[in-house]
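Start from the sequences and build out the full structure, keeping to the hints where you can.
Chains as they are written, first to last, in my numbering: chain A, 1 to 435; chain B, 1 to 332.
Derived from the structure by calculation, the hints contain no laboratory data.
Glycine is no exception: its CB is placed at the ideal position from the N, C-alpha and C atoms.
Some hints could be false.
Unchecked claim - Short derived list, chain A residues pointing at chain B, Cβ under 8 Å:
1) Glu148
2) Val150
3) Gly205
4) Ala206
5) Glu210
6) Phe213
7) Val219
8) Ala321
9) His323
10) Val327
11) Phe329
12) Glu330
13) Gly331
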Amino acid sequence: MTAVLFGQSGMENVVVRGPRVFDPTEGVDEIIDVRIDGGIVAAIGLDLDTNEHRVVEGAGLVLAPAFVDPHVHLRTPGREDEEDITSGTRAAAAGGYCAILAMPNTDPVVDSASVLGALVEQARTEAEVPVGFLAAITRGQKGEELTEMVELAEAGAAGFSDDGRPVVAPSLMRRALQYNVAAGRPIALHCEEPTLSRGGQMHEGAVSAELGFGGYPAVAESLMVARDLALARYEGEALHLLHLSARESVEELRAAQSEGVRATAEVTPHHLCLTDEAVRSLDSNVKMNPPLRAEEDRVALLEALRDGSIAAIATDHAPHARHEKEVPFEGAPFGVTGLETAFSVLYTRLVTPGLLELGTLLERMSAGPARIYGLECPRIAVGAPANLVLLDLEATWMPSETGFRSKSANSWLLGATLQGTVAMTMAAGRTAYSA
Amino acid sequence: MADVHPLIRDELLPPQQPPRRHLISIADLERDDVARLLALSRTFSRSLEREVKKLPALRGRTVVNLFYESSTRTSSSFELAAKRLSADVMSIKATGSAVDKGESLKDTALTIGCYDPDVVVIRHPEIGAPNLVALYTSAHVVNAGDGKHQHPTQALLDLYTIEEELGGIEGLHVAIVGDVLHSRVARSNVQALLLMGARVTLVGPPALIPRGIEAMGCSTSYDIRAIRDADVVYVLRMQKERMLAGANYVPSLREYTARWGVTRDRLRSGQKVMHPGPMNRGVEIDDEVADMADALIERQVRSGLVVRMAVLYDLLTHGPVEVKVAEIEEVA
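Dropping the structure here:
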């Protein structure tokens with residue numbers, strides 16, 4: 001398979017001295033040194049020689065495999081005022097990510113090898129951490145004709161998605177699954193039945209009834225999830241479900257998985273931490289698609305994340321210009337940023353109260369998404385490239401509008417106190433972030 | 001040069017901006033607030049019986065009416081309410097203003113804020129617009145209707161009308177009939193009526209009764225016969241302009257009228273009928289019902305004036321913080 005991640009790499013020599021090395025996939029959890037020679041993990045042991053290496057003091061910190069975000073909007077090309085490859089990958093590095101995947105709903109849409117090729121060239125020199133680019137399933141994401149999927153795969157597409165909108169016609173969705181046998185890349189689906197979600201501003205339920213917002217019912221998602229799983233079952237093909245939000249969708253996913261359908265799914269930090277009650281604030285930074293749903297949905301998502309039915313955490317990092325979000329809720333675009341806050345908020349809101357094991361969180365933010373897209377899993381083992389994150393689980397911080405590396409600050413966590421910070425990120429053998 | 005030890009005394013610090021009170025949603029009010037506003041409305045009602053109707057209460061204060069949606073009774077009654085209290089009033093309509101040139105609500109709010117208005121009254125098609133204006137001006141904000149969300153002064157004038165007509169609100173049963181889904185009037189009224197101890201039943205076609213609205217504390221029925229139990233039948237406007245083409249909430253207005261139109265024979269004698277206006281006669285309400293003696297529709301309009309006077313007066317004079325400011329002004 002051709003390479004699908006593009007960005008800077010390095011051959012740094014580093015010794016991390018005395019951290020708690022925690023790699024749930026490799027089954028490592030002990031206080032020990034790690035030495036990196038030429039960007040590769042060369043030794044794991046007690047009292048390692050530093051040689052001439054740079055020494056990073058790790059005492060009291062956790063060294064884990066760095067994170068992989070399978071769902072980022074880099075807004076490039078077209079809206080470089082909101083995010084570009086440099087700012088987006090800087091934000092990723094600051095959040096502990098060693099690799100991210102960018103969605104193709106840009107302007108123009110990433111639906112041809114030429115648009116994809118330009119992004120790949122840009123990423124090779126500008127990306128602080130390696131980036132993969134998904135290409136569109138349909139031309140212009142219009143849902144009418146398939147893109148040239150084989151050529152796109154050869155040009156380095158990491159997968160295919162019309163994210164932002166569903167593939168509405170079932171026949172076209174079926175053709176995409178069929179043809180992808182030749183392209184051989186993951187297909188990632190935004191499940192939304194548009195006639196049911198039309199006019200929807202938030203989850204349909206008691207809160208939308210009271211506030212008067214147009215409802216976006218859970219069934220608008222789960223109906224499309226059921227359809228796509230039925231097509232995957234019929235064709236015997238794999239698919240990946242983006243940003244699940246509803247309990248009913250989780251039930252459809254579990255049923256299909258138990259029948260042997262090769263279906264994977266992801267969930268966002270905001271769907272794991274918030275419910276539609278948050279919309280009472282009328283803050284446009286809690287407006288996203290799919291919308292925040294009811295408590296029973298949140299609980300079902302968390303349970304599915306714990307048991308592995310949902311194997312990945314994705315930020316759906318969606319930067320928006322300040323002036324576009326500083327409008328009444330109804331006029332604001334959907335989407336919030338998440339790269340720089342994902343680990344901290346999940347550690348604060350789920351791990352510290354005992355709702356999620358730290359090991360599970362680390363796995364679902366790293367190996368989980370990597371496996372779905374066939375990427376090399378970040379791991380702490382001799383011979384593996386240095387894709388590492390050094391975490392301070394005691395330190396607290398407060399996200400503020402001016403503190404982000406991202407060009408946009410439409411975060412739902414402005415002013416919140418979060419526990420857990422990223423002290424250093426190494427991506428592809430290179431220090432991409434250091435606090 | 002001698003060391004200067006700055007002596008910071010409270011009164012030398014720049015004055016802190018007092019927290020501004022707004023009227024954005026009935027949900028923000030306590031029962032006492034409503035009772036106070038209704039009592040104040042009664043006082044103003046008596047004052048309007050005098051030959052000279054203008055009171056000097058808000059002389060020197062500025063009220064800005066900012067209307068992004070067409071409105072006859074709400075904008076005119078806010079304007080007259082402010083004038084009756086001797087405030088200076090400036091009315092801005094979205095058409096023909098900078099809004100037409102694409103100015104954002106935030107910038108409009110900042111611009112208006114430069115004139116130091118005391119109150120900004122805003123009507124806007126989008127939920128949350130008054131909250132946004134409150135963020136960017138230092139004025140008290142009064143919501144005159146934001147999208148399908150809230151229309152608090154309408155609910156207050158309806159409470160006032162009911163109280164005047166029936167002597168109280170506690171224990172009454174009010175049926176609200178029609179397009180609840182698209183109605184800010186219904187949402188504000190449900191909250192206001194429940195707050196004051198009434199019982200509320202929402203009646204209408206299934207797709208126009210929002211799923212989950214029972215959580216507010218009201219009951220629902222899809223059968224028009226449910227209105228017979230009520231003391232007051234509150235008829236909502238069938239908002240044709242809000243119906244998305246082809247949305248099929250109901251198959252036709254004709255069928256709506258046949259099933260849910262409020263007619264004489266669906267009412268019990270002695271039931272009071274209300275409507276926020278403007279009415280679609282022959283659609284949600286029968287001509288005969290609209291004009292009958294038990295219809296309170298014109299009284300609602302009259303109530304609108306005194307209730308809005310009470311709201312403006314209360315925001316600008318009530319509360320310890322505001323009283324202090326007033327005293328300082330008098331000394332100066």
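Right, here's what the structure says about each hint:
A distance limit of 8 Å between C-beta atoms decides the matter here; for glutamate 148(A) the minimum to chain B is near 36 Å, and the interface restraint is violated. Residue-level restraint check for valine 150(A) is violated (minimum Cβ-Cβ distance to chain B is 39 Å; threshold 8 Å). Using the Cβ-Cβ criterion of 8 Å, the hint placing glycine 205(A) at the interface with chain B is satisfied: the shortest such distance is roughly 5 Å. The restraint placing alanine 206(A) at the interface with chain B holds, with a minimum CB-CB distance near 4 Å, inside the 8 Å limit.
Annotation: glutamate 210(A) was flagged as interfacial toward chain B, and the flag holds, the nearest CB pair being 6 Å apart, inside 8 Å. Taking 8 Å as the C-beta contact cut-off toward chain B, the hint placing phenylalanine 213(A) at the interface holds, the least distance being around 6 Å. For valine 219(A), the shortest C-beta to C-beta distance to chain B is roughly 11 Å, which exceeds 8 Å, and the interface hint is violated. Given hint, alanine 321(A) at the interface with chain B, is violated; its Cβ is 12 Å from that chain's nearest Cβ, farther than 8 Å.
Look at histidine 323(A): its Cβ gets to within about 7 Å of chain B, closer than 8 Å, so that hint holds up. Taking 8 Å as the C-beta cut-off, the interface hint given for valine 327(A) holds, the closest approach to chain B being about 6 Å. The beta carbon of phenylalanine 329(A) is positioned within 8 Å of a beta carbon in chain B (closest approach about 4 Å), and the interface hint is therefore held. Because the closest C-beta pair between glutamate 330(A) and chain B is about 4 Å apart, less than 8 Å, the hint holds.
Against a cut-off of 8 Å between C-beta atoms, the interface hint on glycine 331(A) holds, since the closest Cβ of chain B lies about 5 Å away.
Against the hints set out earlier in the document, violations occur for numbers 1, 2, 7 and 8.
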